[in-house]
Amino acid sequence: MIRRPPRSTLDRSSAASDVYKRQVHGDSSMTASMFSNLVSTFLYKHRFAPYFVNPIVAGLDYDSVSKTWKPVLASYDVIGCMDKDNVFAVGGTGTELLFGACESFYKEGMGPEELFEVISQALLASMDRDSLSGWGAQVYILTPKELITKKLLTRLD
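Each residue of the sequence shown is one higher than the one before, starting from 19 at the first, in our numbering.
Calculated directly from the structure, the hints in this document are not laboratory data. Source: prediction; values computed, not measured. Note that CB positions come from ideal geometry on N, CA and C, so glycine has one too. There may be inaccurate statements among the hints.
Pairwise CB distance ranges (calculated) [as the list claims (entries may be wrong)]:
no.: 1; residue 1: L170; residue 2: E121; range: 18 to 28 Å
no.: 2; residue 1: G109; residue 2: I166; range: 19 to 29 Å
no.: 3; residue 1: G127; residue 2: R65; range: 30 to 40 Å
no.: 4; residue 1: Y158; residue 2: I97; range: 18 to 28 Å
Simulated crosslink set (BS3-like; lysine-lysine; CA at most 25 Å straight-line) [unchecked claim]:
no.: 5; residue 1: K102; residue 2: K163
no.: 6; residue 1: K168; residue 2: K125
no.: 7; residue 1: K163; residue 2: K85
no.: 8; residue 1: K85; residue 2: K63
no.: 9; residue 1: K63; residue 2: K88
no.: 10; residue 1: K125; residue 2: K85
no.: 11; residue 1: K102; residue 2: K63
no.: 12; residue 1: K163; residue 2: K88
no.: 13; residue 1: K88; residue 2: K168
no.: 14; residue 1: K88; residue 2: K125
no.: 15; residue 1: K125; residue 2: K63
no.: 16; residue 1: K169; residue 2: K125
no.: 17; residue 1: K102; residue 2: K85
The whole structure should be built from the sequences, with the hints applied where relevant.
Here you go:
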């Protein structure tokens, strides 16, 4: 099979993940921590002609010692400087507004429904104050068993 060369950031990260699976660890998948480091390296490699993106990587890594899933959250600037915080990560034009809303609404130990409500309130509060924020958002809640996706609509003006 002949594959075309990767063109987008997603293509390049998928290609790197495939190389990892085939060459490094056989059939095992790349962990979220490894993928977050891969994104940082990829962005830094293109620092002189950067991709103008501010990606956020979210995932779960299994800790075999404590037998639990640990959250991995990382946000980046355009040259790949990683900010790892396992509480919350924000990005986009309303970053400053989102930080304040997330810090005031978030608390430890929330379930998926309560977390969706907090995320929704933080997004609505910050999007109303930022004229460049869009007409809604996709909210993803990742648990060890499932990925919950919900659409959040905001103002349509």
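Status of the hints after comparison with the structure:
1. L170 - E121: 18 to 28 Å: At roughly 20 Å between Cβ atoms, E121 and L170 fall inside 18 to 28 Å, so the hint holds.
2. G109 - I166: 19 to 29 Å: holds (20 Å)
3. G127 - R65: 30 to 40 Å: holds (39 Å)
4. Y158 - I97: 18 to 28 Å: holds (26 Å)
5. K102 - K163: Holds - the C-alpha atoms of K163 and K102 are around 23 Å apart, at most 25 Å.
6. K168 - K125: holds (21 Å)
7. K163 - K85: holds (15 Å)
8. K85 - K63: Outside the cut-off at roughly 35 Å; violated.
9. K63 - K88: Violated, at about 28 Å.
10. K125 - K85: holds (23 Å)
11. K102 - K63: The hint holds at about 19 Å.
12. K163 - K88: Since the Cα atoms of K163 and K88 sit roughly 13 Å apart, the hinted pair holds (cutoff 25 Å).
13. K88 - K168: Roughly 23 Å between the alpha carbons, so the hint for K88 and K168 holds.
14. K88 - K125: holds (17 Å)
15. K125 - K63: The hint is violated at about 36 Å.
16. K169 - K125: holds (22 Å)
17. K102 - K85: Holds. K102 to K85 sits at ~22 Å (cutoff 25 Å).
Violated hints, listed in ascending order, are 8, 9, 15; each of the other numbered hints is respected by the structure.
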